[in-house]
Each structure stands twice: as C-alpha cells, then as structure tokens.
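Asks: Chain A is fixed; fit chain B onto it per the hints.
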Amino acid sequence: MKRLNCSTVKRRLAGGAPRDGEIGAHLRSCPDCREAAAGLAELDSTLQQLGPVAVPEGFTEQVVRAAQALIDRRPSGSRWVSWRPAWRVPATVLGGLLLGVLVGSALFSAHPARADETLVCRIGGMMCHICAETVENLILQVEGIEAVEVDWRKGTAKIRLSRGQPLRVRQLIEALERGRGYNLEAIELVP
Amino acid sequence: MTGLPSDNALMVRVSRGDAEAFRALVQRYQQRVLTVATRFLGDRARAEEVTQEVFLRVFHAAPRYRTAANFSTWLFTIVRRCCFNATRTERREAARLTAAPATASPVDPEQQLLRRERRERIQSALLELPARQRLALVLHCFDGLTQAETAAVLGTTPRGVESCLYRAKRRLAALLEPSAGISAERGIEG
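Sequence order for the protein chains is A and B. Heads up, the first sequence is in my numbering, so the first residue is 1 and it goes up one at a time. Heads up, the second sequence is in my numbering, so the first residue is 1 and it goes up one at a time.
So that you can see chain B by itself, here it is in the shape it has in the complex:
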C-alpha cells in the first residue's frame, strides 16, 4: 500500500487552506485536464489558460465541495464549462497546434515531420466537430472516461453519449478519409 490520499481527502484538506493538498491535486490531474483542453481547443496557449482557470475554480469551490461526489466527474464538469466558455469568448481563427507529445523520442527528421503533419491533420479535423461531439470524443477517447462518466460531465445519458460519439466518429472519419487514408466512413455510415 502506497497510502496516497484519495481525491476527496485532498479536497477536504484544500477546503481547510492546505496548499500542499492543492498542489498534490494539481499534479495528479494537470496532464489530463491540459490534454482534454488542448484537444478540445486546438490551441496550446489557450488550453494552458483554461487549465489554470479550472484549478482556480476547484480551489475556489473547495469549501462548497461535497465529498459524496466523484471528484473526477466534478472536475471534468468544470473543464467542460471552461472549455465551452473559451470557445464562446474567443472565436477560433484557424486550426492551430503546438502541442508536443508527452515523450519525445529521437527519430529521423523526415519521419518526425510526417508524424507532426498527421497529428495536425487529426487535430484540425477534431476542431471541425460541433463542440459537444468534440468534447464527448476527447473525454472518452483521450481521457478514457467511461460512457457513464462522460454522460455525467455532459449532463446527458450514457445512450446520449453513445449517439454523440457515433456522430462524431462518422464525421471525423469523413473528414480524415481524403488525407489520412481512413476508410471508416463507408463502414460507419448507418
């Protein structure tokens, strides 16, 4: 047993003004939040701002947090609000991507360029999706939330998430097919 404190235990400490507990929560979740925000917004700098805003809201709401809740679902509900607010306040000019992979491995420059181009194409295609579909896809596929958890974050039912993901993937396959060699569209078409 490593004895790591649970999220709820940390939140109780945060609500009492424990900065170390807050730091531990940020460290535990910052990469997941930053990844979701970056994939959703397609803008690394904006995603960092949103991630900071999310944690400030967590900090701020700590005295009102109910420990009966599932912390990660609650956290990603805040992520959803902040991401939607960010898209409302700032219209996207163009698909931008500056995100670096988590681990950089030494590969030949040509391959690196190809991989980067491919990532940019995927990210641009993601940005073409309606906000709700995009967030469902990002939470489910990148963050690994279950259908029920994604439903709780989006304020819908697991069945609603399923339909959302279906439409998102169908659209994404159509967007990626000409450039990325994805053959899913024909198959996924209902």
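The following block holds chain A by itself, in its conformation from the complex:
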C-alpha cells in the first residue's frame, strides 16, 4: 500500500480529516506532522473564539416584510403572477396568445441576423432586480448571444448577437421557460 507523504497528511488535516487510520499511523511516526497537527488544532480553537453572530431583534420580520414589498413593487400590468398559483395558468395562456399574435410563426425558426445586430425583446414576468439578473443569465445561455441588457421596469431585454449569428428563437423561448414565470412576448429590431 502506498504510504502517505507529509504534505498529503498536512493537507488532509487542514481539511478536517480525522486523526486515525493511516493519518494516525503517520502522525505516530512523524514529529513534523504531529507539530503541524497541534498547530492546526490551536488555529481551529482560535477561530472558534469568534463564535456565531447574534441575529438582531426584529430581523426576521424585516426580511419577511422586504419579501412582501418585493411582490408589492410588481409593475402594473405585469403577467408574472406565479406567486399566486391561481393566476399562473391564465398568465401562461395569455403569454402564449401574445406570443402568437405579436411575434408570429417566424419566431419558431432561427431569425436571420446581420452582423452586430441588436434586438429588443419584450419579456413578460419581471418584477424586480433579481428577476432581471435571472433573465439575463437565462438569455446568456442561448447560443449566439454576445451580450444582454435587461431592464425589469420596462420589461425589455436588449440583445446583441455575435457576429454572423442568427437569433435562435426556440432556444430563447425554452431558456425563458426554464425560469418559470418569464415569457417572450415580442421581438423588435433596433435600426
């Protein structure tokens, strides 16, 4: 069996490995590693002096209120209503209808793009900065998209395509669906 060397033992000890088995055997025969083990134990006990941080009084309620405010800040007319399950289905249906009417069948094929083309997509369902970040990450997963700038207040995502790349609309729709609650409503070209 391959014997442990000193650096492996020290690394494992730093990672919190128990001092038994092959590490224990090594420690019994190696004064240098025993010293390291003692040093690590001392360091761990020093760190423990910091202890846990006390939660201030009223903190829980503050967080719950902030969460409620997040919902209350929802822009009027927003279709992101998944917080209220009863609305989820109508929202999805409405989103689908709007998608069909506004974007049309051309959406479901790759949209041909000129070099360095910029498009603005109307995204339904965004209500806060966290939504904007989520949508941005989802859109960036779509192949051929170089950059995206999301404005949750306007409900838009400004997309810049990589040179010579088409907009893969189906991928974009699927990416937004993965976010559960967001949907593509329209696309317009920016001259």
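Everything labelled a hint here was simulated from the structure, so no lab data went into it. Do not take every clue at face value.
[What the hints assert, rightly or not] Simulated coverage check for chain A against chain B, where a stretch passes if three residues somewhere in it have a Cβ under 8 Å from a Cβ of chain B:
{"#": "1", "segment": "34-43"}
{"#": "2", "segment": "124-136"}
{"#": "3", "segment": "158-169"}
{"#": "4", "segment": "179-186"}
[Stated by the list, open to error] Beyond 10 Å from chain B on every Cβ pair, some chain A residues (computed):
{"#": "5", "residue": "R3"}
{"#": "6", "residue": "R11"}
{"#": "7", "residue": "P18"}
{"#": "8", "residue": "E143"}
{"#": "9", "residue": "E146"}
{"#": "10", "residue": "E174"}
[As the list claims (entries may be wrong)] Away from chain B, derived, C-beta distances all over 12 Å, residues of chain A:
{"#": "11", "residue": "G15"}
{"#": "12", "residue": "D20"}
{"#": "13", "residue": "E22"}
{"#": "14", "residue": "T118"}
{"#": "15", "residue": "V120"}
{"#": "16", "residue": "Q141"}
{"#": "17", "residue": "V148"}
{"#": "18", "residue": "E149"}
{"#": "19", "residue": "I173"}
Ideal Cβ placement from N, Cα and C applies to all residues, glycine included.
Replies: Relative to the frame of chain A, chain B by itself:
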C-alpha cells in the same frame, strides 16, 4: 418526534405563497447565514444587508426550486454569490468588526476588552485571505459544512476544498502568529 417540516416541505409551501413557511425558513437559517456573511465580509451592517438579500433571493426563486436539491447547499450557493457580489461592489476600507458574540456573559471589563481585541485580530486576519479561501474556511470552520457540501457551494471538488483550506490555514497561521501566539505556521508549512 417533533414533526418539524423539512426544508424542502417549507420551500414547496413558500412557492405557493405561504408567508409562515418563509418566516420559518428565515428563522431556521438566519443565524448561520449572518455568521458566514459577517465572517466573510468583516462588516456587520453589510452582512445584515447581504443576509436579507439572500433570503429575498430564496423567496424569489421558490417557484423554480427543485425539491430534489439539498436546500442548505443551494442556500449557501446563494450566500456565496451575494458575498462575492458584495466584495466586488464595495471595496473594503478597513477591517471592521462590530459583531457581538451570540451569548454575552458577565465578565470583568479587562478580560472582555482582551477577548474583543483578540476577536478583532482574528477577523482582520480572515479578511486578508483571498475571497475563495476565506469563504471555504468560513463555511467549513464556522458553519460546519462538510468538505463535500463546501465543494458543492464553491463549485469545486472535495479535494479542491482540502487544498483551499490548507492554503487558507497556512496563511492565517502566518498572519496570526506575531500577535496571537499561534505557532501553526512552522508546523503547517509543507
């Protein structure tokens, strides 16, 4: 059996708009999140903001949460993102520490002062570590996450966490040695 609902059961309720379930989750995890954020950022006020942001993200992402996931690993991944964002957006001016211990016991003022100074030295040394090493150390040593859990939060392997902790502790021992009487550096040096 106390019958406390599991984290995943609470998350299912949160996704349906149950404010009580959200409150229960916040109460269950707020101290752990606040401790990690405070130790990572070294700034109590900023840590409270980050903790609130973390729970708002949990609330926000509830409809998309997959119950097959381990809630605490998922939660601390959000903590990691928020902490890293906080360090990116706001450069640290100086090591600051206002964190109070969880339980205050009546001791003589001189001893209290010494203990406070010692805590401040440790916290300042923590802030000298690179962000990734610091977070690995805070999650593993203060929050008690296992190597595998820490690896999942940091997006690395358990072996990667081990190396990260090794480097962090070696550096920390060197930083603390002159002031805190830590003799680990010589021993830990590989």
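Asks: Take a quick look at E149 of chain A and tell me if its Cβ sits farther than 12 Å from every Cβ on chain B, holds or violated.
Replies: holds (18 Å)
Asks: Checking C-beta pairs, does the segment 124-136 of chain A have three or more residues closer than 8 Å to chain B?
Replies: Holds: 4 residues of the segment 124-136 of chain A have a Cβ under 8 Å from chain B.
Asks: Beyond 12 Å from every chain B Cβ: check whether that's true for E22 of chain A.
Replies: holds (15 Å)
Asks: Given that the segment 158-169 of chain A was listed as covered by chain B, double-check it with a C-beta distance under 8 Å for 3 or more residues.
Replies: violated (count 0)
Asks: Minimum Cβ separation between E146 of chain A and chain B greater than 10 Å?
Replies: Holds, since 22 Å exceeds 10 Å.
Asks: Minimum C-beta separation from T118 of chain A to chain B exceeding 12 Å: can you confirm that?
Replies: Its Cβ never comes within 12 Å of chain B, the nearest being 27 Å, so this holds.
Asks: For V148 of chain A, which was marked as not at the interface, is the minimum beta-carbon distance to chain B over 12 Å?
Replies: holds (18 Å)
Asks: Taking the minimum C-beta separation from P18 of chain A to chain B, is that value above 10 Å?
Replies: Label holds. Min Cβ-Cβ 12 Å, cutoff 10 Å.
Asks: Please check whether the beta-carbon of G15 of chain A is more than 12 Å away from every beta-carbon in chain B.
Replies: violated (4 Å)
Asks: Should the label of I173 of chain A as a non-interface residue stand, given a Cβ cut-off of 12 Å to chain B?
Replies: holds (16 Å)
Asks: Is R3 of chain A truly not at the interface, in the sense that its beta carbon sits beyond 10 Å from all beta carbons of chain B?
Replies: With a cut-off of 10 Å, R3 of chain A remains clear of chain B, as the shortest Cβ separation is near 17 Å.
Asks: Confirm or reject the statement that R11 of chain A sits farther than 10 Å, beta carbon to beta carbon, from all of chain B.
Replies: Given that some Cβ of chain B is not farther than 10 Å from that of R11 of chain A, nearest at about 4 Å, it is violated.
Hint check: violations occur at hints 3, 6, 11; the rest are consistent with the structure.
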